[in-house]
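Visitor: Listed here are the chains, written in short residue letters.
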Amino acid sequence: MRWPTGVAGLCFGADYHPEHWPRHIWIQDMDLMRQAGVNLVTVGSTAWSRLEPAEGEYEFDWLDDTLDLLADNDIRAILAIPTSSPPPWFGLRHPDALTVDDRGNRLGHGSRDTYCVCAPAYRSACLRLTRELATRYRHHPALSIWQVHTTYRTVCHCDHSSRSFQLWLRERHGDLATLNEAWSTAVWGQRYSDWAQITAPRATTDAPNPAQALDFRRFNSDEMLTHFGEQQTVLRQYTPHIPVTTTFEIGDDVPIDHWRWSKEVDIVSMASYPDRVDRGAEEQTAFIADLARSLAGGRPWLLKEQATGLIHTPDGPHTFEPGRLERHAMTQIARGARGVMFEQWRAPTGGATAWRSAMLPHAGPNTRLFREIRRLGDMLPGLAELDGAAVRAKVAIMWDEPSWWALTGPSAPTPHVDYLGVVRQAHRVLWRHDVLTDFTAGETDLSGYRLAIIPHLYLATETIADNLAGWVAQGGTAVITYLSGTTDHTGRIHAGGLSGVFASLIGVRGEEAYPMLPDQSVRLSNGATGRVWSEHLHLDGAETICGYRGGTLDRQPAITRHALGDGHVWYVSTQLDDTDFTDLLDAIGILPSEADPDVETVERETDDDTYRIVINHGDKPTAINATGTDLVSGKPAEGGYQFLL
Amino acid sequence: MRWPTGVAGLCFGADYHPEHWPRHIWIQDMDLMRQAGVNLVTVGSTAWSRLEPAEGEYEFDWLDDTLDLLADNDIRAILAIPTSSPPPWFGLRHPDALTVDDRGNRLGHGSRDTYCVCAPAYRSACLRLTRELATRYRHHPALSIWQVHTTYRTVCHCDHSSRSFQLWLRERHGDLATLNEAWSTAVWGQRYSDWAQITAPRATTDAPNPAQALDFRRFNSDEMLTHFGEQQTVLRQYTPHIPVTTTFEIGDDVPIDHWRWSKEVDIVSMASYPDRVDRGAEEQTAFIADLARSLAGGRPWLLKEQATGLIHTPDGPHTFEPGRLERHAMTQIARGARGVMFEQWRAPTGGATAWRSAMLPHAGPNTRLFREIRRLGDMLPGLAELDGAAVRAKVAIMWDEPSWWALTGPSAPTPHVDYLGVVRQAHRVLWRHDVLTDFTAGETDLSGYRLAIIPHLYLATETIADNLAGWVAQGGTAVITYLSGTTDHTGRIHAGGLSGVFASLIGVRGEEAYPMLPDQSVRLSNGATGRVWSEHLHLDGAETICGYRGGTLDRQPAITRHALGDGHVWYVSTQLDDTDFTDLLDAIGILPSEADPDVETVERETDDDTYRIVINHGDKPTAINATGTDLVSGKPAEGGYQFLL
Amino acid sequence: MRWPTGVAGLCFGADYHPEHWPRHIWIQDMDLMRQAGVNLVTVGSTAWSRLEPAEGEYEFDWLDDTLDLLADNDIRAILAIPTSSPPPWFGLRHPDALTVDDRGNRLGHGSRDTYCVCAPAYRSACLRLTRELATRYRHHPALSIWQVHTTYRTVCHCDHSSRSFQLWLRERHGDLATLNEAWSTAVWGQRYSDWAQITAPRATTDAPNPAQALDFRRFNSDEMLTHFGEQQTVLRQYTPHIPVTTTFEIGDDVPIDHWRWSKEVDIVSMASYPDRVDRGAEEQTAFIADLARSLAGGRPWLLKEQATGLIHTPDGPHTFEPGRLERHAMTQIARGARGVMFEQWRAPTGGATAWRSAMLPHAGPNTRLFREIRRLGDMLPGLAELDGAAVRAKVAIMWDEPSWWALTGPSAPTPHVDYLGVVRQAHRVLWRHDVLTDFTAGETDLSGYRLAIIPHLYLATETIADNLAGWVAQGGTAVITYLSGTTDHTGRIHAGGLSGVFASLIGVRGEEAYPMLPDQSVRLSNGATGRVWSEHLHLDGAETICGYRGGTLDRQPAITRHALGDGHVWYVSTQLDDTDFTDLLDAIGILPSEADPDVETVERETDDDTYRIVINHGDKPTAINATGTDLVSGKPAEGGYQFLL
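Chains as they are written, first to last, in the UniProt record's numbering: chain A, 1 to 645; chain B, 1 to 645; chain C, 1 to 645.
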């Protein structure tokens with residue numbers, strides 16, 4: 001295993017910004033880091049303007065100094081290529097490389113991510129800087145991992161972007177006739193007769209072309225991956241032994257197809273920022289952790305960035321309750337993280353991140369927060385042996401970002417599909433019952449799984465349908481929700497309507513959709529409530545599990561089950577709430593008979609040992625029956641073991 | 001009668017897009033159209049990029065083929081001049097002809113309606129295409145009607161637009177002194193000293209000039225009418241016998257003064273897209289139908305575009321319940337439509353309209369929807385004789401789009417006037433009682449009507465006041481709501497305040513307005529509730545019907561009645577809800593003693609016959625007393641006739 | 001005293017726009033003004049396009065005429081330099097001087113305030129016009145006051161603005177290293193290496209730099225003050241004896257630091273536009289009046305602009321109830337205004353202000369409104385002697401616009417601090433108890449005050465802390481709310497965290513913040529409810545007054561009191577509602593034992609006399625015990641005096 005170079009045990013640290021502070025503070029930092037057990041920090045992630053204060057002029061002394069200090073203190077560095085924060089001089093000198101919004105307005109500098117990833121000036125400036133850093137630090141003993149960029153996110157609508165999009169489209173579609181067909185440009189008279197006519201989507205007078213929007217998301221994912229790859233190539237050339245990564249983040253505004261990217265990065269690094277203050281934060285933490293492990297192919301991954309003390313909700317910040325920091329870290333380690341790292345080491349006194357949380361808060365080390373950090377740092381070495389134990393899930397949830405994009409893009413079947421919400425719901429219901437899940441892609445071999453949940457796999461092919469059918473026939477159980485199988489990879493609706501290429505798999509033909517408005521719902525015969533969507537189904541091999549009651553679809557099937565070989569395919573044609581979805585999974589028989597809703601349990605195993613990680617999210621002490629060794633205390637544990645995390 | 005050329009009986013069809021499909025589908029289409037009874041389709045409406053794939057290069061073969069196929073199958077065509085969807089090459093070649101928004105951003109191609117109607121390049125490209133189509137198809141046997149554009153709607157704020165606006169203003173106002181006076185440019189120092197200083201309204205630093213906004217709406221209506229007229233002139237030159245139309249649509253964002261336009265089109269074609277899922281959809285359908293008939297001067301009109309299966313609400317789509325499609329068609333035919341046509345024939349598999357409804361849904365002909373289409377197609381021939389029977393209303397509602405624009409434009413007296421809502425309310429209350437209404441303009445001769453409702457006729461002249469007074473004096477009853485008569489045609493407030501030129505007509509002088517906030521209301525002495533507006537009235541000939549109770553206006557008149565010759569003028573100084581407005585009309589004596597709220601009835605007559613169209617919108621069968629012939633079944637009907645539509 | 005030149009007693013009038021009307025109306029105006037007792041009007045405030053219809057061509061005849069008429073009628077004029085409304089020709093000729101928004105879109109003309117205050121063409125055009133007006137009218141007998149501009153408000157983001165900002169920054173920060181430090185540009189790699197890299201803040205890709213946003217607000221305040229000063233210099237040169245003013249307005253979008261400005265204007269002129277329909281309008285009126293008096297250093301000030309009849313709420317307009325106009329005027333005069341003036345004299349018939357209120361409404365002089373105006377005009381001469389009586393407050397509220405800007409700018413500690421709301425709350429609670437308040441700045445000598453409330457003094461220095469500590473030690477009581485003392489003047493967080501430089505003053509150290517979301521609250525041990533913010537406090541000299549109950553901070557201090565010399569410092573670490581804040585002030589002992597919530601009372605005194613102004617905001621008559629002279633009626637008043645305003 002190539003990673004993490006030089007760090008024994010689990011990684012623990014944060015983004016470290018010596019450039020924010022005078023050097024005497026660095027000395028304090030080293031001391032406090034040692035106290036806290038920090039063994040890995042990310043350096044330089046937004047320091048371009050400090051490293052290259054004017055075009056082609058470099059100042060590396062401070063970074064030399066920092067890395068030396070780290071090495072002296074036995075702390076390793078993720079050395080960041082700070083391509084996400086071009087300096088102010090860059091935008092002034094290359095205004096054509098600044099981001100342009102979808103109305104054609106060139107955005108100003110004055111934040112981070114102020115670039116067009118397609119701009120030639122940006123691309124060459126990145127490569128130059130990467131080469132400088134690689135040359136200078138290739139042999140530095142602190143160097144552990146290269147990180148390119150921070151999170152890739154900025155989408156630009158300028159002419160550079162249009163030109164790169166055209167090239168990408170040529171590659172993808174081959175010729176214009178194919179593109180015109182794939183994009184249905186005959187609709188509303190958008191037939192292209194020259195590649196030059198195609199632009200990055202811009203604000204326009206009426207509804208935009210949904211296929212153009214979808215391909216533009218894909219293009220951005222690929223173009224950013226190319227940018228990543230360019231730096232990776234340089235870095236590998238100089239330091240073939242050092243892994244190269246970037247930070248993944250899951251979100252509406254992130255145009256990244258993580259399945260494609262996870263094949264290219266040497267380490268899956270994940271950012272985790274839950275946005276709910278209630279138990280939802282713990283669910284989201286587990287969700288991100290399971291997704292990261294799945295993207296890493298079940299191998300260890302790095303929790304690269306998270307808050308130490310705040311949940312950033314859409315309505316404002318919320319401060320972690322005591323212990324929450326540790327519990328999140330435990331969740332991540334239980335689910336395969338080879339370390340937990342945080343957004344920043346020391347809270348800055350100004351700038352956009354001054355009020356975001358850090359390992360070391362404004363009030364300094366004599367604080368509840370820093371005490372928790374130290375306690376966590378003390379605990380981690382004892383948990384290192386977990387790293388060798390496999391995390392094995394019996395349930396798979398299908399994850400497909402292009403389907404997400406298509407279903408929430410322009411001219412979707414209904415504006416009310418919440419793709420991420422539905423995937424999270426499936427994960428959440430299982431999480432509450434301590435059923436571990438992996439995430440899978442359409443063509444993943446499912447043979448290790450008992451159950452596969454396929455939420456809204458809108459973009460689908462016969463190949464995927466066959467993959468699922470083959471696995472079901474051998475005894476698998478699939479739960480497929482509405483708007484799956486409906487379109488091809490460009491979003492073109494398959495012949496025959498709603499069930500598309502999944503018709504024979506689910507044994508049902510969906511004739512007509514009855515989408516629901518936000519204030520509408522429908523009753524089901526089993527007492528459940530349906531929302532968002534309903535559809536007029538014709539059984540074609542499947543049997544009705546429950547039907548609609550009332551409304552136009554009264555007495556028609558709502559949830560069906562199709563026996564296929566040794567397995568079954570369930571089809572859910574409406575949106576269930578958590579309780580009803582739980583009942584459904586219970587009926588399938590995947591949920592354990594009892595689970596303490598306050599306690600999260602993950603089991604892992606090696607050939608010899610079984611590990612049970614138990615995390616108490618409730619506010620009361622609780623007891624478990626276990627015999628073995630308590631890895632936290634290092635002491636033997638016996639039946640009726642009392643613990644409180 | 002010139003229209004519709006070559007179609008016997010009522011028209012039935014949709015927009016047909018052969019360019020979306022390969023030719024073998026067309027053959028299926030012809031067969032299915034015949035099965036459904038389709039006799040008229042609109043062809044080419046968005047096919048510019050297919051007809052002229054590069055500037056000056058034409059591809060007509062596919063359209064030749066389509067029209068031949070249609071003619072062979074005895075289906076006639078509305079041949080569309082697709083000026084609303086310029087091809088991608090057009091914007092690339094003539095970027096100055098793309099739409100500019102009100103902040104000066106040039107919008108991209110990537111949708112339909114991507115043009116500036118004032119751009120010379122656009123205007124000449126349109127004329128060139130029109131000539132090509134006219135030349136080629138002038139003698140084609142399928143050609144029944146020319147349609148120019150789809151719905152005119154796109155407003156542009158570019159320099160072309162400013163220049164055309166200046167020319168229009170010169171024509172309207174003559175000289176700058178007059179314009180400065182009309183626009184009150186002395187306010188906030190906006191006095192113009194050169195025509196070149198006047199621009200299309202652009203986003204600015206504070207409140208814009210309301211008169212400029214109003215004139216810009218009018219200008220757009222006229223400029224678009226000029227564009228329409230240019231194509232019409234060409235088409236008439238080649239095919240003097242073929243009527244020319246365009247599609248009307250009623251909406252906030254449509255800058256069209258339909259009274260002016262209805263004089264120019266050869267056929268009034270209307271789009272009908274209700275946006276409420278409850279009975280409001282039926283009310284809106286009848287409203288649009290009555291308005292279309294009124295715009296057509298009582299003559300037949302064409303329901304040109306509507307959904308077959310979806311109500312597009314602001315919150316998302318809702319699917320028609322079974323039978324709703326037919327009921328809407330019946331409402332339209334009952335109210336004078338010479339045919340019902342739909343948005344699209346066959347649901348496309350991609351593009352912006354993929355999830356909009358069609359006569360032939362994705363799931364094909366073996367569907368509830370297509371069966372309803374066929375049933376409707378079967379029913380229509382029997383109803384053709386209705387077309388000769390007059391639709392006679394005894395109530396008129398005044399309709400004035402410029403008043404709408406002024407009242408909902410910048411710096412209006414209150415932001416809470418809902419002009420369209422109030423007009424619809426008047427129509428709705430009467431519709432619920434099966435009282436048929438026409439819509440009229442300010443100077444329409446009202447002698448055929450018993451009652452005229454004048455909602456918010458904000459822009460008014462002495463001439464209109466005299467017209468109303470003369471008709472009232474002869475026995476008419478007028479109901480006038482607040483903010484009527486207040487300003488002249490440019491929005492300048494008439495001397496004397498709120499009652500303006502209607503003071504002597506309504507016999508009341510409004511001293512001061514007391515607008516209400518959304519959460520405020522006022523009680524009236526008759527138990528009614530007033531909202532949005534109230535005013536301090538002084539009787540000047542009128543008597544008080546009911547007064548305000550509570551608040552500043554306690555005991556002051558709220559609703560008044562002015563006896564004028566043999567008639568009366570009622571003035572309503574506040575916003576009533578449906579129930580209270582119903583009571584008011586009831587007090588006036590215009591409502592029949594009973595009406596089944598579920599059943600819509602329209603009576604029409606020829607010299608010899610009386611036709612009664614009865615539509616049951618309820619969910620239970622109902623019976624009517626009637627003797628005659630059931631036009632749907634063709635069988636004799638007798639008393640206590642049981643029917644369920 | 002230099003002001004107001006030539007007006008005996010209190011000023012009464014409005015903005016007068018003869019340019020809106022033909023001359024024969026002016027003659028009526030003079031007559032009606034005399035009837036109403038008008039003695040001062042503002043002329044020319046938006047008349048640039050009338051005064052200079054083309055560049056360098058002037059038309060002064062109408063203004064000569066107007067001023068002569070005014071002088072003949074013994075009415076004096078505030079002569080306005082109309083720099084806030086450049087004419088249409090100006091924008092056409094100098095497009096670079098039009099406002100640019102933060103996305104780089106140049107806004108159009110078509111309103112007022114369409115300029116960039118930094119544009120050289122604008123600056124020279126202003127000076128030219130000022131010189132013309134000063135030259136022509138320097139000796140006119142009507143001339144009483146010069147007013148420059150109306151309210152300064154327009155912020156521009158163009159290149160001129162960027163260049164002026166750079167110059168201002170050089171002056172403020174001296175060198176780039178200092179600026180980089182002050183702005184924390186190390187965060188997110190925004191280190192500037194050349195002044196030219198710094199721009200006016202523009203829309204950017206992620207969170208902007210908060211220090212840049214704050215300095216840009218300050219820059220705008222200073223740049224506008226420079227613009228004001230340029231005109232003032234010219235005017236003083238020609239008419240050293242005539243005071244020069246501009247109009248202050250308090251609002252979110254006004255980038256003016258009024259403490260700085262109040263030193264430069266010769267007269268503090270204030271606009272007062274309450275936006276609530278309930279008693280809030282009266283509270284806001286008193287708030288603005290007290291603030292104006294404070295800005296004027298306790299000297300007389302001018303209520304320069306207010307509505308006569310409308311409250312402009314965010315949801316639309318509300319009409320004044322009878323008497324409200326007079327009550328607001330009384331509130332202003334009671335609190336030191338040397339006159340009350342209104343937005344406009346005569347309601348225009350068109351333009352953006354047609355539906356705003358005026359002294360003379362559309363319905364003319366025979367109206368309730370004009371009768372109230374006349375009654376007010378009759379009343380004022382009797383109140384003139386009040387002007388010599390001092391207004392003495394025993395409570396000070398600290399007012400700091402930069403703290404407001406920083407707390408509501410980007411990346412603030414929480415988005416939910418409502419700075420203005422909290423200042424208003426403090427004022428409101430005291431106002432309800434007839435406790436008069438002044439507003440003070442951080443370094444104001446507080447020796448005359450018993451109590452100082454310091455709401456959210458986020459930007460603070462040791463000097464301010466020392467000033468407060470010194471005053472408290474001598475017996476003062478300070479109430480300091482959370483997020484005070486936290487940062488330096490650039491918004492950089494002081495070492496040690498939340499309590500910053502106030503730590504020793506408040507005797508408390510704030511370790512960690514627990515901001516609350518809008519739907520969250522926390523109970524306090526005294527039964528109060530906390531919102532928005534809470535924090536983990538460590539006592540360091542202070543004692544706990546009440547604590548948090550429940551939640552993470554259960555049993556921790558919430559409100560503390562620190563004995564310091566002869567005085568006390570109270571610290572309130574959460575947001576209280578009105579009732580709980582009232583209880584707090586009551587506990588401090590500043591509230592009188594009883595106060596009629598409907599009656600507002602202000603006492604003023606000269607060496608010889610005591611004046612009591614009593615305003616009844618309730619809807620029932622009320623009686624007061626007073627012996628003396630009723631200034632309104634001029635008659636003796638005795639005990640149990642019955643009055644109803």
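I should point out that these hints are in silico values taken from the structure, not numbers from a laboratory.
Ideal Cβ placement from N, Cα and C applies to all residues, glycine included.
There's no promise every hint is true.
[Claimed, not checked] Selected chain C positions facing chain A (in silico; Cβ < 10 Å): (1) L32; (2) Q197; (3) G510; (4) G628.
Visitor: All the hints need checking, so say for each whether the structure fits it.
Guide: Consistency of the hints with the structure:
1. The interface hint given for L32(C) is violated, since its Cβ lies 50 Å from the closest Cβ of chain A, which is over the 10 Å cut-off.
2. The interface hint given for Q197(C) is met, as the beta carbon of that residue sits about 4 Å from the closest beta carbon of chain A, less than 10 Å.
3. For G510(C), the interface hint holds, since its Cβ comes within 10 Å of a Cβ in chain A; the closest pair sits about 8 Å apart.
4. Interface hint status for G628(C): violated, as the beta-carbon distance to the closest one in chain A is roughly 54 Å, over 10 Å.
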